[in-house]
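Number of protein chains: 2
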Amino acid sequence: MKIAILGVGTVGSGVLEVLEQNASIIAARAGESITPVAALVRDKSKAKENVKHLKVYDDFDELIENDEIDVFVELIGGVDLPYKMIKKLLSKGKAVVTANKALLAYHRSELESLAGEIPFGFEASVAGGIPIIKALREGLAANHINSITGILNGTCNYILTNMMNKGLAFDEVLKTAQELGYAEADPTFDVGGFDAAHKLLILASIAYKLDAKPDDILIEGISDISAEDIYFASEFGYTIKLLAVAKRNENNLELRVHPALLSKDKMIAKVDGVMNAISVVGDQVGESLYYGAGAGSRATASAVISDLIDIARKIKTPMLGYKDKGLDSGLKLLKSDEISSKFYLRLKVRDELGVIAKITNIMSANGVSIDSFLQKPNSNGGDATIYFTTHTCKSAQMKALIDAIRILDFVVGEPFVIRIEK
Amino acid sequence: MKIAILGVGTVGSGVLEVLEQNASIIAARAGESITPVAALVRDKSKAKENVKHLKVYDDFDELIENDEIDVFVELIGGVDLPYKMIKKLLSKGKAVVTANKALLAYHRSELESLAGEIPFGFEASVAGGIPIIKALREGLAANHINSITGILNGTCNYILTNMMNKGLAFDEVLKTAQELGYAEADPTFDVGGFDAAHKLLILASIAYKLDAKPDDILIEGISDISAEDIYFASEFGYTIKLLAVAKRNENNLELRVHPALLSKDKMIAKVDGVMNAISVVGDQVGESLYYGAGAGSRATASAVISDLIDIARKIKTPMLGYKDKGLDSGLKLLKSDEISSKFYLRLKVRDELGVIAKITNIMSANGVSIDSFLQKPNSNGGDATIYFTTHTCKSAQMKALIDAIRILDFVVGEPFVIRIEK
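Line order of the protein sequences matches chains P and L.
According to the working numbering, the first sequence is numbered sequentially starting from 4.
According to the working numbering, the second sequence is numbered sequentially starting from 4.
Since the hints were derived computationally from the structure, they do not count as laboratory data.
Keep in mind the model is a prediction, meaning the values are calculated, not measured.
There could be a bad hint or two in this list.
All copies of an identical chain are treated as equivalent in the list; a pair is satisfied when it fits inside any one copy or across any two copies.
With a straight-line cut-off of 25 angstroms between C-alpha atoms, the simulated DSS-like cross-links for lysine-lysine are [as the list claims (entries may be wrong)]:
hint: 1; residue 1: Lys326; residue 2: Lys5
hint: 2; residue 1: Lys97; residue 2: Lys338
hint: 3; residue 1: Lys169; residue 2: Lys269
hint: 4; residue 1: Lys87; residue 2: Lys58
hint: 5; residue 1: Lys326; residue 2: Lys55
hint: 6; residue 1: Lys319; residue 2: Lys90
hint: 7; residue 1: Lys5; residue 2: Lys58
hint: 8; residue 1: Lys319; residue 2: Lys97
hint: 9; residue 1: Lys178; residue 2: Lys250
hint: 10; residue 1: Lys269; residue 2: Lys97
hint: 11; residue 1: Lys317; residue 2: Lys95
hint: 12; residue 1: Lys351; residue 2: Lys169
hint: 13; residue 1: Lys319; residue 2: Lys5
hint: 14; residue 1: Lys361; residue 2: Lys397
hint: 15; residue 1: Lys250; residue 2: Lys338
hint: 16; residue 1: Lys178; residue 2: Lys51
hint: 17; residue 1: Lys269; residue 2: Lys216
If we strip away everything but chain P, and leave its shape as in the complex, we get:
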């Protein structure tokens, strides 16, 4: 099988390395050798050493005319350019493998229609080396999926793990993460939850055949989490994780990405550092969990090549795992405001008489009932930090409550909430 690599950056180079290093085992498993024959680069004159043995193109329209190529592996990144390229490839009946989560977060339904019976692999787009696409689409195919709960962003998990374990502040850990190459210079896409949201949409579309876009779902990041939140979590048996959650409740579906307080006892709470994991609850199989490296050129290459081996083996699973488009179409995606959860609420207040009474009155007026309450002893006589956890309420109620609390004259700074995941 002959392939072309479109975009020879970190992942593209990793794919070339693994194809060479593990050529014989890959051939034995695929039933034939998988050979890179062409590469698409931005500038042919600047092509790196590792593509010199391939036919190198810098013009996609020229590359696509090379009939020798069986599969095109898109590793360029971004949305618009690969979107155009892949549409063109599929319209010509060419098999495609991609690691591009952003592309799929926006265009997977259209690409699925275009693909039809044409092989289209995207295992590498979610959770790097963990074969979670295959698990959901094939391994758990006998189940209705009750929920998917993922730690899908290694940068956030690295930061939160280090905040928890070392009691460090967000900015401090972010800096270390940047130095170690675990975070980008502009970390917004990761720490804002957007990367995890892209991946969640891909998983949810396999489980629920749902064509939501990033703008349709609740996305909250981790950058406002403070040492005080870490203190509370540690004291009360929680850890804090950025979770990407798809949860079905009868005909309602929640899709949400947010930091969450999570009981330390849960298996997924034990996933630390840059590792990823996905817990899937099926109606028949119960919980299963998938853990591994979510990024890195070799782990991602492992996933890309598993797709290539599937294609060589003539595996014809439908791209999103369904042949029938109608199924689960009765599902209603909840708006962010409608999503219910328990909340943790942290407030800083001036240490005055009657403060607690006033706040609890406002909470009850907003229909938010208190599950637990803690006021930290105030050693220096200044402002006091108070912590509440609530019973289940809607996001809209919590938003209204925060708006009401924020304007109280004894409240200092911004109230802060984190959802509590059951």
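Put chain L on the given structure of chain P with help from the hints.
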């Protein structure tokens, strides 16, 4: 797609229930409905209510002539009878799905040859609802597998978890496990490590194309683990798990099932109760881990039906994941005695002068060097328990050492060792 269920016990009934309950989502994912049309039972006159709508057979040779059937699902259990049946089915070109680990532990290579291009599914044979066969055979296919470390027996894990958490003795927990249905009346097959060994052989044959049999590998059970071992483990940051391990070291392969002291920090050490998990280290992808229910009729049915869906989707992965038989044939399976590890050694001795010196001399004479040493304060002035951990040595050396220690006049009862897993 029309199927026959051979053996309608707990799992067979589960498969029928799930096929009915989730019929529409299964059809959407498979691309066609999957319909049970026939069942093989021991005695037609005693057939249960749940097969009354099917064509019921008690004669296999009659059933096999029913040309309406596309796939035969073997859920009878045992080895000899299903072996004969499946050979006959494959010789007639009939597709087979089985959950039968014992059958595959002994006959997988022959069945693979017979199957050739005929679909043969066995996802349910290892770790129930966890799609680990698919992960190894397809998801990680780009990797050389460095190691597989599994908690593959829920009965053992339930017992060990409760011994660790509640400080209970083996016999006590076994009794509870039997009452809860987690252990058989005769628990030997589970607590002796044989069940886990069967599953390990199946996984190892996908990773290494190796045709070993249960008698060829090291199998040690958990029934001699005492409260004292639990005490030591807890104090020194270990947990105790029954591990099934396949580990490659250049051209040597270890296959072994035994209780192991395992650092509590490892992800697989956190797998508690009846749950199963498999940690796989690939040369490219690093560690990934798969966790879920290892038994139960619904979880097993989920796996059986995933195989049926694969067959409906015309997925043609080779049964053990290889087309080329020659690969990895250079691997040498180590004999039990050649397997090296660190050991934990527990001894009871009369509290006499010079005992430690004598034992350490014998250890050094046997080439076993001490990593750590603990003597528990002996409150009642009777026998003393002493604990050693050793540096890496071969099993044969440890065996010789135990033989030398056993006969010392100040040694009381039987010395006991547990391997320490890195």
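Hint by hint, here is what the structure shows:
no., hint, verdict
1, Lys326 <-> Lys5, "between (28 angstroms within a copy, 19 angstroms between copies)"
2, Lys97 <-> Lys338, "neither (38 angstroms within a copy, 50 angstroms between copies)"
3, Lys169 <-> Lys269, "both (21 angstroms within a copy, 19 angstroms between copies)"
4, Lys87 <-> Lys58, "within (22 angstroms within a copy, 54 angstroms between copies)"
5, Lys326 <-> Lys55, "neither (41 angstroms within a copy, 31 angstroms between copies)"
6, Lys319 <-> Lys90, "within (19 angstroms within a copy, 28 angstroms between copies)"
7, Lys5 <-> Lys58, "within (12 angstroms within a copy, 49 angstroms between copies)"
8, Lys319 <-> Lys97, "both (14 angstroms within a copy, 21 angstroms between copies)"
9, Lys178 <-> Lys250, "neither (34 angstroms within a copy, 38 angstroms between copies)"
10, Lys269 <-> Lys97, "neither (44 angstroms within a copy, 43 angstroms between copies)"
11, Lys317 <-> Lys95, "both (19 angstroms within a copy, 24 angstroms between copies)"
12, Lys351 <-> Lys169, "within (23 angstroms within a copy, 42 angstroms between copies)"
13, Lys319 <-> Lys5, "both (19 angstroms within a copy, 20 angstroms between copies)"
14, Lys361 <-> Lys397, "within (21 angstroms within a copy, 71 angstroms between copies)"
15, Lys250 <-> Lys338, "within (13 angstroms within a copy, 49 angstroms between copies)"
16, Lys178 <-> Lys51, "neither (31 angstroms within a copy, 66 angstroms between copies)"
17, Lys269 <-> Lys216, "neither (29 angstroms within a copy, 37 angstroms between copies)"
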